[in-house]
Amino acid sequence: MKKTLNLILAGVTAMGLALSAQAEDYITLASTTSTENSGLFDSILPKFKEATGIDVRVVAVGTGQAFELARRGDADSLLVHDTAGEQRFVENGYATERADVMYNDFVVIGPANDPANIRDAKSAAEAFAAIAEAEAPFTSRGDDSGTNRAELRLWENAGVEPEGEWYRELGSGMGPTLNTAAAMDAYVMSDRATWVAFGNRQNLTLLFEGDEVLFNQYGSLLLSEQKHPHLKHDLARQWHNWLISEDGQQAIADFKVDGQQLFFPNAK
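Read in order, the letters of the sequence shown correspond to residues -23 to -1, 1 to 245 in mature numbering (1 follows the signal peptide of the UniProt record, and there is no 0).
Just so you know, these hints were derived from the structure itself, not from any lab.
Wrong hints could be hidden among the right ones.
Using 27 Å as the maximum straight-line C-alpha spacing, the simulated DSS-like pairs for lysine-lysine come out as follows [unchecked claim]:
no.: 1; residue 1: K204; residue 2: K24
no.: 2; residue 1: K245; residue 2: K99
no.: 3; residue 1: K209; residue 2: K245
no.: 4; residue 1: K209; residue 2: K24
no.: 5; residue 1: K24; residue 2: K245
no.: 6; residue 1: K24; residue 2: K233
no.: 7; residue 1: K209; residue 2: K26
no.: 8; residue 1: K245; residue 2: K233
Please construct the entire structure, taking both the sequences and the accompanying hints into account.
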């Protein structure tokens, strides 16, 4: 009887250890609202788990907030879209490696009647200058996200310091910002992926695209073991390596909404 009880206890202990180990096979990924809202993660994460057995738990925030999470050691990995900020993150010792993963582009959305007439603009700077001159309502994410940082660079390129009642800084993600723009009949800059997947367009339409300054690069970063030894660096490296592998790049290319490819892999 005692021998049987010992065998049962040993089996329960082994099962508990196995379940505990299995529960640890996940990483926390700080990433952007655009990758989450577009549906990309719903498409590619099951493929990564099938290949590796690792779960990825996404915290979708603006790029600035994602950097802060990683800086504090509250995320195991980063996938964001602010190349200059990412390079500074590496230079400052918070990450040891950065890799291009994929790209898409930003687009400028607005009311179909286009009161600032940006359809005819020859450049993004000209389009932004026209919106400011018309004082047409513009909704900005205002959340230090990669999209917000890119938008602010475009105002600077246009020689405009956006302020006044026409310029609304919301402090919200891309989806809520688009919802507000739709309710206000306002202009807004969006990443293309979120715009394509967005369902509440009302009177909004895509009005300006194609300027090379609207290029939108995404990068994966490996965080510093020296600064945060408690993180799951081995699992995070598997995720990073899979993203830039042939299988990961194909998974990204295969993701489409309404037959439209939203992210274009470009790992080197």
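Status of the hints after comparison with the structure:
Of the supplied pair hints, the one linking K204 and K24 is violated, its CA atoms being roughly 30 Å apart against a limit of 27 Å. Between K245 and K99 the CA atoms are separated by roughly 32 Å; this puts the pair beyond 27 Å, and the hint is violated. The hinted pair formed by K209 and K245 meets the criterion: a straight-line CA distance of about 25 Å does not exceed 27 Å. Annotation: proposed proximity of K209 to K24 holds, straight-line Cα distance about 20 Å (limit 27 Å).
Note on K24 and K245: the hinted pairing holds, with a Cα-Cα distance of about 21 Å set against a maximum of 27 Å. For the hint linking K24 to K233, the alpha-carbon distance of about 15 Å falls within 27 Å, and the restraint holds. For the hint linking K209 to K26, the alpha-carbon distance of about 16 Å falls within 27 Å, and the restraint holds. For the suggested pair K245 and K233, the alpha carbons sit about 22 Å apart, so the restraint of at most 27 Å is met.
Against the hints set out earlier in the document, violations occur for numbers 1 and 2.
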